[in-house]
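Undergrad: Listed below are the residues making up each chain.
Number of protein chains: 2
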Amino acid sequence: MAAIPVEAFYLTPGATGSLQQQIRAMVTQGILAGRFRPGARMPSSRGLAGHLGVSRITVTLAYSDLVSSDYLTSAGRSGYFVSGTAPLAPEFPASAPPAEAIDFKGLTGGRFSSVVRVERPDDWDRYPWPFIYGQADPTLFDHQNWRQCALRALGKRDFAALTSDYYERDDPLLLQELVRSILPRRGIAAREEEVLLTLGAQNALWIAAMALLGPGRRAVVENPGYPAWRAIVAATGAEAVPVDVDALGLPVEGLAGDVVFTTPSHQCPTNATMPVERRVALLEAAERQGFVIVEDDYEFEMSFLKPVAPALKSLDRGGRVIYAGSFSKSVFPGLRLGYLVGPPGFIAEARSLRGLMLKHPPGHIQRTMAYFLGLGHYDALVNRMKNAYRRRRQVMAEAIATEGLEVAGQGGFGGSSFWMRAGAGVDTEELALRLRADGVLIEPGRAFFAGAGPRNYYRLAYSSIAPQRIAEGVARIARALAPGAARR
Amino acid sequence: MAAIPVEAFYLTPGATGSLQQQIRAMVTQGILAGRFRPGARMPSSRGLAGHLGVSRITVTLAYSDLVSSDYLTSAGRSGYFVSGTAPLAPEFPASAPPAEAIDFKGLTGGRFSSVVRVERPDDWDRYPWPFIYGQADPTLFDHQNWRQCALRALGKRDFAALTSDYYERDDPLLLQELVRSILPRRGIAAREEEVLLTLGAQNALWIAAMALLGPGRRAVVENPGYPAWRAIVAATGAEAVPVDVDALGLPVEGLAGDVVFTTPSHQCPTNATMPVERRVALLEAAERQGFVIVEDDYEFEMSFLKPVAPALKSLDRGGRVIYAGSFSKSVFPGLRLGYLVGPPGFIAEARSLRGLMLKHPPGHIQRTMAYFLGLGHYDALVNRMKNAYRRRRQVMAEAIATEGLEVAGQGGFGGSSFWMRAGAGVDTEELALRLRADGVLIEPGRAFFAGAGPRNYYRLAYSSIAPQRIAEGVARIARALAPGAARR
Numbered sequence: 001m002a003a004i005p006v007e008a009f010y011l012t013p014g015a016t017g018s019l020q021q022q023i024r025a026m027v028t029q030g031i032l033a034g035r036f037r038p039g040a041r042m043p044s045s046r047g048l049a050g051h052l053g054v055s056r057i058t059v060t061l062a063y064s065d066l067v068s069s070d071y072l073t074s075a076g077r078s079g080y081f082v083s084g085t086a087p088l089a090p091e092f093p094a095s096a097p098p099a100e101a102i103d104f105k106g107l108t109g110g111r112f113s114s115v116v117r118v119e120r121p122d123d124w125d126r127y128p129w130p131f132i133y134g135q136a137d138p139t140l141f142d143h144q145n146w147r148q149c150a151l152r153a154l155g156k157r158d159f160a161a162l163t164s165d166y167y168e169r170d171d172p173l174l175l176q177e178l179v180r181s182i183l184p185r186r187g188i189a190a191r192e193e194e195v196l197l198t199l200g201a202q203n204a205l206w207i208a209a210m211a212l213l214g215p216g217r218r219a220v221v222e223n224p225g226y227p228a229w230r231a232i233v234a235a236t237g238a239e240a241v242p243v244d245v246d247a248l249g250l251p252v253e254g255l256a257g258d259v260v261f262t263t264p265s266h267q268c269p270t271n272a273t274m275p276v277e278r279r280v281a282l283l284e285a286a287e288r289q290g291f292v293i294v295e296d297d298y299e300f301e302m303s304f305l306k307p308v309a310p311a312l313k314s315l316d317r318g319g320r321v322i323y324a325g326s327f328s329k330s331v332f333p334g335l336r337l338g339y340l341v342g343p344p345g346f347i348a349e350a351r352s353l354r355g356l357m358l359k360h361p362p363g364h365i366q367r368t369m370a371y372f373l374g375l376g377h378y379d380a381l382v383n384r385m386k387n388a389y390r391r392r393r394q395v396m397a398e399a400i401a402t403e404g405l406e407v408a409g410q411g412g413f414g415g416s417s418f419w420m421r422a423g424a425g426v427d428t429e430e431l432a433l434r435l436r437a438d439g440v441l442i443e444p445g446r447a448f449f450a451g452a453g454p455r456n457y458y459r460l461a462y463s464s465i466a467p468q469r470i471a472e473g474v475a476r477i478a479r480a481l482a483p484g485a486a487r488r
Numbered sequence: 001m002a003a004i005p006v007e008a009f010y011l012t013p014g015a016t017g018s019l020q021q022q023i024r025a026m027v028t029q030g031i032l033a034g035r036f037r038p039g040a041r042m043p044s045s046r047g048l049a050g051h052l053g054v055s056r057i058t059v060t061l062a063y064s065d066l067v068s069s070d071y072l073t074s075a076g077r078s079g080y081f082v083s084g085t086a087p088l089a090p091e092f093p094a095s096a097p098p099a100e101a102i103d104f105k106g107l108t109g110g111r112f113s114s115v116v117r118v119e120r121p122d123d124w125d126r127y128p129w130p131f132i133y134g135q136a137d138p139t140l141f142d143h144q145n146w147r148q149c150a151l152r153a154l155g156k157r158d159f160a161a162l163t164s165d166y167y168e169r170d171d172p173l174l175l176q177e178l179v180r181s182i183l184p185r186r187g188i189a190a191r192e193e194e195v196l197l198t199l200g201a202q203n204a205l206w207i208a209a210m211a212l213l214g215p216g217r218r219a220v221v222e223n224p225g226y227p228a229w230r231a232i233v234a235a236t237g238a239e240a241v242p243v244d245v246d247a248l249g250l251p252v253e254g255l256a257g258d259v260v261f262t263t264p265s266h267q268c269p270t271n272a273t274m275p276v277e278r279r280v281a282l283l284e285a286a287e288r289q290g291f292v293i294v295e296d297d298y299e300f301e302m303s304f305l306k307p308v309a310p311a312l313k314s315l316d317r318g319g320r321v322i323y324a325g326s327f328s329k330s331v332f333p334g335l336r337l338g339y340l341v342g343p344p345g346f347i348a349e350a351r352s353l354r355g356l357m358l359k360h361p362p363g364h365i366q367r368t369m370a371y372f373l374g375l376g377h378y379d380a381l382v383n384r385m386k387n388a389y390r391r392r393r394q395v396m397a398e399a400i401a402t403e404g405l406e407v408a409g410q411g412g413f414g415g416s417s418f419w420m421r422a423g424a425g426v427d428t429e430e431l432a433l434r435l436r437a438d439g440v441l442i443e444p445g446r447a448f449f450a451g452a453g454p455r456n457y458y459r460l461a462y463s464s465i466a467p468q469r470i471a472e473g474v475a476r477i478a479r480a481l482a483p484g485a486a487r488r
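As they're listed, the protein sequences go chains A and B.
The first sequence begins at 1 in full-length UniProt numbering and counts up by one.
The second sequence begins at 1 in full-length UniProt numbering and counts up by one.
Next up, chain A with everything else stripped away, as it sits in the complex:
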């Protein structure tokens, strides 16, 4: 069997990973692609090291590692060979891509893909003035402690928790942290059978909607309101009934539906906080009319102007409130970890549904989050975010006042954004496109409105922009809104 020449190996400039990892990858890929056959002799470690310009020990370590995972065998002084039992390349050619005979969008009625989305470029972090909502700010995140917790959760001790199929259960440690430490801060005393972990708040809302809605049922949605909830209602086949919010959030009069969705802590997107009297009235209406309330308690941690009010769920004596919370907003969005709180009968149905849909959130992430909570890192992080947001909000309020822009809703507790109104004739989608070309990202408001809503609203978030960039960004928005700017 011929020897494999050193020329079969080259380091790709800019490749990630250590040199040892890169050598390992070249060997395994060569074997799996069928280029290096079983029995073939590898280049000597001295020869390959010279060819690649790396130290001989690096090559030797990579080779030893490949022996231990059965890609190579070592024949002592004769060198290294591709193992006779190495993973094999497939023995049949790959097929050509098939034709597309079926109109899948027609099949689903475009039920999922025809949703109006808040337009956000994928490379938002390359823009100098990203007034963008819901992304992590890496300068605030506690990367080191998260890494420590993840490492601990990757240890031998947690191995079972990490790798088992939990079937329908949750990580008992995380459940315990949630029930003992997080929910009491919202005034909620829940037992473990009243809690279900989900893959983020979006997944919590989806599960609630799938369990509570369907064709022939009606769901009240706030208008303007969280666009994903309207889309989720439509996906279940239920009818969405938009109700206009006022300065205190969702009004209680004339609510007609099987399920009422609301964001009492910070109305999305106006930031209004529903006062206690209205909350009590809403619960009384639910009792009287028999509807279920889904409370999305998003951003409750970001109350830095006044202490946060207890959740609507904490006032719920009739077992009519389904509460959705999230760690993804306050830790980082890519975490995908949230939860539902509700009566045991509801949670049992939701748990079965989650089991069919995705089994359970990955064990490793649940355990990491449990450690991050248990060691107090979560609270420290939230505290740091609140302090940063408070500063940014102040800078932003000043810049908005200086530039004479109009705030339509800002909330009394904090949050991470301003809800803004431009002049009546302004189309903020067109404005957003012009600003994007100028390096500024804003969120046009149209996606928040049901049907043909006004087009002159927009949202400015301060969660992902550095404070020293805020003034210039707001100035650019003001310039773009100045009379005649669109035609310049």
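Fair warning: there could be bad hints in the mix.
Identical copies carry no separate label here, and so any pair may be met within one copy or between two of them.
[Unchecked claim] Taking lysine to any residue pairs in the SDA-like style, the calculated list, with each CA pair at most 20 Å apart, reads:
hint	residue 1	residue 2
1	Lys386	Pro38
2	Lys156	Ala247
3	Lys105	Thr236
4	Lys306	Pro38
5	Lys386	Ala397
6	Lys306	Ala247
7	Lys105	Asn223
8	Lys386	Asp70
9	Lys386	Gln468
10	Lys105	Gly412
11	Lys156	Gly453
12	Lys306	Gly84
13	Lys386	Val67
Worth flagging that the hints you see were computed from the coordinates, not collected in a lab.
Note that the structure is a prediction, hence the values are computed from the model and not measured.
Please build the complex by placing chain B on the supplied structure of chain A, with the hints as guidance.
TA: What follows is chain B alone, placed relative to chain A:
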């Protein structure tokens, strides 16, 4: 402000984490619970170290760490104090658990919770003879390399990938590995727009069903077949049409439905492999009758008796096959990572649906898997599992022959289980209960059958049992099946 006495601290026997972490947790929990108020003086490091019986440096390190996350402030020689800006305890009492006024099971029609499940105890790993299916065997898993890949994915360099909201996208690195390295082994040449990552194979099937089915539509299900698929069909409101499988898998004649679900590589649970002629006939029938095929290619990696046949999807010229695959079976079940392959029009709908349902699988897990694949660890792991399963299967086949038990389906390619038939009068659910008391776990077959199927089938898996335990376990099953055993 009074000092906090050392008696407020005690080490819990058996607590996890380092001493430093335990001290940190005691302090943060005291502060968050409102027991330690801002301004209160902490015990001296010497005093607390003496009280707890730990070294003084451990206490000092814990205190410094708490200063850096703003729980404590250091006043030089005067000691440490609870920070004035420490995270605060809530100012309202937690509510009592509410009553349960609504019949949620009635509301959902018990659509999700009334599914017949394969009965498996949560503590299956405490049984000496677990012939249980679908759990990880920690002795085979490559824990160290998985940990290395996870660590790399937790590094600063990957921070953005780890923490961003991907919106509807997948990790480009993992997508690339899948398209270039995994799918070609199944004979599938797919472009990136034909692939969607999911939260495990279960989630892939759920997404396919939600996109393709609904009230008024019909889905062919294999009988016996994968119970979760029947449950998923029912949850969409579609009608499930069971079709009896034969020794070659799903027969092609008389299939009547909008969607046909099949497991051609290893029929679940009989392990039959569908021959190529029948696959071609199935695709022709799909073309003629206009149905869509959902192919669950479960366990394709575990072909150790003969080389694996290409996937049904690889023969699909008409764009009628939706292919579901998984990493959770071959890496570990708690991973929750799978994928769908289909025509771009289908993947676009499925992607929007996944966006509404859960946004995307967690970024960190996607990136870790991409590294695990790219460095060849995945193939090495699969190779190791195949070797282990080959040995176990042989031991098990011998034990079954020795004890005279009847195999109803074993497959010609490998897999991880035998499909078994007991005498006509045996109820395997009753048998499983008796065996459980004897330390043996088997899976009764009833859950695999639609409606009132036979009760004398059962499944014996060898993926989680050590080879040296197999003979005794099988002998115990034989004893339990012996005439008169039930009444002993």
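Undergrad: Now tell me, hint by hint, if it's right for this structure.
TA: For each hint, the structure was consulted:
1. Lys386 to Pro38: between (59 Å within a copy, 18 Å between copies)
2. Lys156 to Ala247: neither (53 Å within a copy, 43 Å between copies)
3. Lys105 to Thr236: Cα proximity of Lys105 and Thr236: in one copy and across copies (16 Å, 18 Å).
4. Lys306 to Pro38: between (69 Å within a copy, 18 Å between copies)
5. Lys386 to Ala397: within (16 Å within a copy, 63 Å between copies)
6. Lys306 to Ala247: For Lys306 and Ala247, the Cα distance is within 20 Å only inside one copy (17 Å; across copies 69 Å).
7. Lys105 to Asn223: Result: close neither inside a copy nor across copies, 28 Å intra and 30 Å inter.
8. Lys386 to Asp70: between (52 Å within a copy, 13 Å between copies)
9. Lys386 to Gln468: So Lys386 and Gln468 pass the 20 Å test inside one copy only (17 Å; across, 58 Å).
10. Lys105 to Gly412: This pair counts as neither: shortest intra-copy Cα distance 43 Å, inter-copy 39 Å.
11. Lys156 to Gly453: neither (55 Å within a copy, 43 Å between copies)
12. Lys306 to Gly84: Between. Shortest inter-copy distance 16 Å satisfies the 20 Å Cα cut-off; intra-copy 69 Å does not.
13. Lys386 to Val67: between (51 Å within a copy, 17 Å between copies)
Of the hints listed earlier, those the structure fails to meet are numbers 2, 7, 10, 11, in rising order.
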